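Visitor: Residue strings, one per chain:
2 protein chains.
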Amino acid sequence: MAEVFDKHILKNGLVILGERMEGVGSVAFGFMLPAGAAQLPEGCCGAANVIGDWVFRGAGDKDSRQLSDALDGLGLHRAGSVGSSHIGIGAALEGGNLAEAIELYADIILRPSLKEDQFELARQLAVDDVLALDDDPRQKVMLKLREQFYPSPLGRSTAGAVEELKTLTAKKAEEIVKSNFNLSQTIFAVAGKYDFDALVGQMENLFGTDTQKSVEPITAALAAGQYTHIKSEGAQVHIGLMTETVKATDEDYYNARVAVSVLSGGMSARLFTQVREKRGLCYAVGARYHGLKEAAGIMCYAGTTPEKSQETLDVIMAEFNRLSEGVSEEEIQRAKVGLKSSLILQSESSGSRAGAIGTDYYMLGRVRSLDEIKDKIEQTTVDSVLDFLRSNRFRDFTVVTIGPREVNV
Amino acid sequence: MAEVFDKHILKNGLVILGERMEGVGSVAFGFMLPAGAAQLPEGCCGAANVIGDWVFRGAGDKDSRQLSDALDGLGLHRAGSVGSSHIGIGAALEGGNLAEAIELYADIILRPSLKEDQFELARQLAVDDVLALDDDPRQKVMLKLREQFYPSPLGRSTAGAVEELKTLTAKKAEEIVKSNFNLSQTIFAVAGKYDFDALVGQMENLFGTDTQKSVEPITAALAAGQYTHIKSEGAQVHIGLMTETVKATDEDYYNARVAVSVLSGGMSARLFTQVREKRGLCYAVGARYHGLKEAAGIMCYAGTTPEKSQETLDVIMAEFNRLSEGVSEEEIQRAKVGLKSSLILQSESSGSRAGAIGTDYYMLGRVRSLDEIKDKIEQTTVDSVLDFLRSNRFRDFTVVTIGPREVNV
Numbered sequence: 001m002a003e004v005f006d007k008h009i010l011k012n013g014l015v016i017l018g019e020r021m022e023g024v025g026s027v028a029f030g031f032m033l034p035a036g037a038a039q040l041p042e043g044c045c046g047a048a049n050v051i052g053d054w055v056f057r058g059a060g061d062k063d064s065r066q067l068s069d070a071l072d073g074l075g076l077h078r079a080g081s082v083g084s085s086h087i088g089i090g091a092a093l094e095g096g097n098l099a100e101a102i103e104l105y106a107d108i109i110l111r112p113s114l115k116e117d118q119f120e121l122a123r124q125l126a127v128d129d130v131l132a133l134d135d136d137p138r139q140k141v142m143l144k145l146r147e148q149f150y151p152s153p154l155g156r157s158t159a160g161a162v163e164e165l166k167t168l169t170a171k172k173a174e175e176i177v178k179s180n181f182n183l184s185q186t187i188f189a190v191a192g193k194y195d196f197d198a199l200v201g202q203m204e205n206l207f208g209t210d211t212q213k214s215v216e217p218i219t220a221a222l223a224a225g226q227y228t229h230i231k232s233e234g235a236q237v238h239i240g241l242m243t244e245t246v247k248a249t250d251e252d253y254y255n256a257r258v259a260v261s262v263l264s265g266g267m268s269a270r271l272f273t274q275v276r277e278k279r280g281l282c283y284a285v286g287a288r289y290h291g292l293k294e295a296a297g298i299m300c301y302a303g304t305t306p307e308k309s310q311e312t313l314d315v316i317m318a319e320f321n322r323l324s325e326g327v328s329e330e331e332i333q334r335a336k337v338g339l340k341s342s343l344i345l346q347s348e349s350s351g352s353r354a355g356a357i358g359t360d361y362y363m364l365g366r367v368r369s370l371d372e373i374k375d376k377i378e379q380t381t382v383d384s385v386l387d388f389l390r391s392n393r394f395r396d397f398t399v400v401t402i403g404p405r406e407v408n409v
Numbered sequence: 001m002a003e004v005f006d007k008h009i010l011k012n013g014l015v016i017l018g019e020r021m022e023g024v025g026s027v028a029f030g031f032m033l034p035a036g037a038a039q040l041p042e043g044c045c046g047a048a049n050v051i052g053d054w055v056f057r058g059a060g061d062k063d064s065r066q067l068s069d070a071l072d073g074l075g076l077h078r079a080g081s082v083g084s085s086h087i088g089i090g091a092a093l094e095g096g097n098l099a100e101a102i103e104l105y106a107d108i109i110l111r112p113s114l115k116e117d118q119f120e121l122a123r124q125l126a127v128d129d130v131l132a133l134d135d136d137p138r139q140k141v142m143l144k145l146r147e148q149f150y151p152s153p154l155g156r157s158t159a160g161a162v163e164e165l166k167t168l169t170a171k172k173a174e175e176i177v178k179s180n181f182n183l184s185q186t187i188f189a190v191a192g193k194y195d196f197d198a199l200v201g202q203m204e205n206l207f208g209t210d211t212q213k214s215v216e217p218i219t220a221a222l223a224a225g226q227y228t229h230i231k232s233e234g235a236q237v238h239i240g241l242m243t244e245t246v247k248a249t250d251e252d253y254y255n256a257r258v259a260v261s262v263l264s265g266g267m268s269a270r271l272f273t274q275v276r277e278k279r280g281l282c283y284a285v286g287a288r289y290h291g292l293k294e295a296a297g298i299m300c301y302a303g304t305t306p307e308k309s310q311e312t313l314d315v316i317m318a319e320f321n322r323l324s325e326g327v328s329e330e331e332i333q334r335a336k337v338g339l340k341s342s343l344i345l346q347s348e349s350s351g352s353r354a355g356a357i358g359t360d361y362y363m364l365g366r367v368r369s370l371d372e373i374k375d376k377i378e379q380t381t382v383d384s385v386l387d388f389l390r391s392n393r394f395r396d397f398t399v400v401t402i403g404p405r406e407v408n409v
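Order-wise, the sequence lines are chains D and F.
Going by the numbering used here, the first residue of the first sequence is number 1, and it counts up by one from there.
Going by the numbering used here, the first residue of the second sequence is number 1, and it counts up by one from there.
Derived by calculation from the structure, the hints in this document are not laboratory data.
Owing to the predicted nature of the structure, the values given are computational and were not obtained by experimental measurement.
Among the clues, some could well be false.
Copies of the same chain look alike in the list, so a pair counts if it works inside one copy or between any two.
[To be verified] In silico PhoX-like cross-links for lysine-lysine, where the CA-CA straight-line distance does not exceed 25 Å:
1) Lys166 to Lys193
2) Lys178 to Lys166
3) Lys171 to Lys278
4) Lys115 to Lys308
5) Lys340 to Lys166
6) Lys193 to Lys115
My request is simple: use the sequences and hints to build the entire structure.
Guide: Structure (structure tokens):
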């Protein structure tokens with residue numbers, strides 16, 4: 001599939017990116033607003049979640065109900081997220097309705113009503129959402145793992161902390177919106193069916209008036225490996241494990257991705273084979289690359305019975321450490337095929353592409369074509385992956401468990 | 001997007017369906033094997049899960065490891081599911097690798113190794129998977145709801161029952177594979193990039209040899225409304241609620257779908273507005289249509305704090321009952337736009353389309369085009385939806401809760 005990328009930067013710094021996809025009728029768009037969990041002032045953990053809800057409770061001349069009616073009237077499927085660096089708000093919808101949707105999102109971003117009674121409802125729901133994590137230990141262990149692995153504030157919980165949510169005020173949250181919905185640091189990405197000239201004209205009218213503001217980059221050193229156990233009376237032990245690796249800007253990035261794929265890229269990958277196929281230790285086991293702009297790691301999850309938890313962790317750590325001892329040509333080939341196949345499937349989804357080009361721009365300052373990624377994957381070899389693994393041995397493992405039984409790390 | 005459907009039926013009854021999608025490089029395929037939870041003999045609840053794992057542990061001349069290697073070597077992304085009627089096994093992959101993948105799946109379906117040591121591992125993992133539901137009350141409440149709502153065996157747990165899994169033997173599971181992997185009742189669906197003539201030729205060679213067998217249809221009457229509470233020490237009360245509605249073959253089917261969309265089609269829909277926006281009762285609330293061939297219902301989930309659980313249930317049931325009192329033209333319009341927008345997004349995913357055409361054929365005996373569905377949605381009106389709601393009032397509600405507190409139904 002030939003790729004056509006579009007790019008335009010408004011005077012205030014807002015970046016507009018697009019990827020045209022032939023033969024699709026839909027379009028997906030997303031605003032990346034620099035108000036992610038790590039960007040917030042101390043003591044406001046969870047504010048991004050409250051804000052992501054609050055701004056949709058009325059904007060411009062519309063109250064909460066009228067805004068919901070208008071958004072649903074366009075048939076848009078909302079997609080929202082809170083990450084370390086950004087709040088993402090966006091949607092997928094029929095291409096013909098894009099301009100009307102952007103109009104509404106300009107109100108939401110620039111002119112949210114931010115009424116105090118609506119704040120209270122949004123805040124309470126965010127508190128309930130954090131409490132509900134106790135019923136979702138799989139998600140909870142991975143949030144806690146990021147908190148333990150990344151140095152503060154990078155790993156700060158994207159869900160929030162109950163005590164900080166309880167003391168959050170509407171005034172404070174409004175200040176965050178004012179300072180963090182900073183258009184100079186905002187990336188807008190669109191993929192699918194759209195007219196770029198018309199879009200840029202509209203974006204200039206709607207968003208081109210703000211002045212430029214700068215943002216301090218976050219600096220932080222990686223935390224050392226450590227073990228944290230959260231006692232629960234649940235049925236399983238949920239294990240989260242993470243170890244440092246290279247960032248997306250590193251020349252060894254693709255070697256790291258192929259190495260993770262050898263470990264956990266499919267049914268034939270080592271973790272699945274050793275933990276699930278051979279030993280029947282658990283159904284759910286998998287590792288993946290997890291990167292921020294400032295630091296990156298390989299993240300692994302396994303959920304298992306208390307009796308099998310120690311063996312499961314031991315096998316996983318042994319497999320991590322065994323990687324640098326050698327990988328076969330066949331393993332590298334399968335890892336490459338798997339990564340390239342994922343790219344093809346991703347290339348056919350407007351939502352995936354809008355997310356990917358926005359993230360690329362933030363992480364790398366440019367958008368990679370799928371062909372470039374494919375070529376870089378193709379260029380990895382047994383030797384390049386082993387060289388990488390040997391000069392970047394896994395040293396410290398950060399481990400978090402939730403369940404009725406502790407493990408020895 | 002113009003749709004091109006393909007259809008061919010082998011002499012033994014195996015149905016081959018295809019939807020060609022222009023401009024995509026991927027293909028998705030799935031085999032619907034008549035071995036779903038409701039199709040199994042009494043006392044074997046969960047056997048479908050064991051079998052869905054076991055058949056991948058070696059087939060044809062390949063052992064478990066070799067089979068995994070071969071599948072991953074094609075870069076395929078597996079998709080598997082166990083439903084009431086079928087085990088679904090399939091994948092999405094690069095179009096050029098389809099023929100090789102079908103070759104491997106013929107071995108998996110017709111010549112699985114079914115080794116006893118591998119059975120033991122698959123069985124134990126299935127047991128662990130059921131036990132793990134205690135850590136996932138949201139999924140557990142909906143499984144239990146289907147069990148309570150649909151008459152036995154239709155609602156039988158697709159995860160399984162621990163005591164029945166513990167007594168399941170390799171011999172019994174093998175008998176189920178032999179009798180239920182019945183090609184006469186199997187539907188194969190493919191969507192994306194493929195060559196139908198070549199595919200049919202290959203399917204005939206690989207699957208055309210079996211003789212025709214018949215299957216007894218399942219007959220069962222709907223259970224009456226009832227309340228079930230499962231005590232747990234979790235943080236939330238998880239509420240599942242279901243009430244009878246028309247099946248996919250009914251002339252009122254699209255009126256039912258639009259009615260559900262008025263209730264729960266987006267942010268402006270009634271449940272979301274009443275439960276979340278106005279009262280802040282919970283983040284997670286939603287209703288959807290759930291249909292089997294034999295019976296159908298509207299299914300609703302909400303997760304909330306113990307203190308708010310009674311009010312949440314009361315508001316939800318009030319909203320169900322209030323529907324027939326009147327719906328506005330604007331609500332119907334938004335519901336239609338939302339449903340049509342979902343269709344467009346679905347039309348661009350090869351995986352969604354392969355699943356949809358297979359299910360259509362099983363439920364209706366034919367495949368609906370997206371234009372037909374769009375027209376039928378378009379034809380609904382305030383009057384047609386209200387007529388439907390008034391002549392099909394919600395009578396009995398089946399309710400299941402999991403949590404530290406019961407509710408009054």
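Visitor: Checking each numbered hint in turn, tell me which of them this model violates, lowest number first.
Guide: 1, 5, 6
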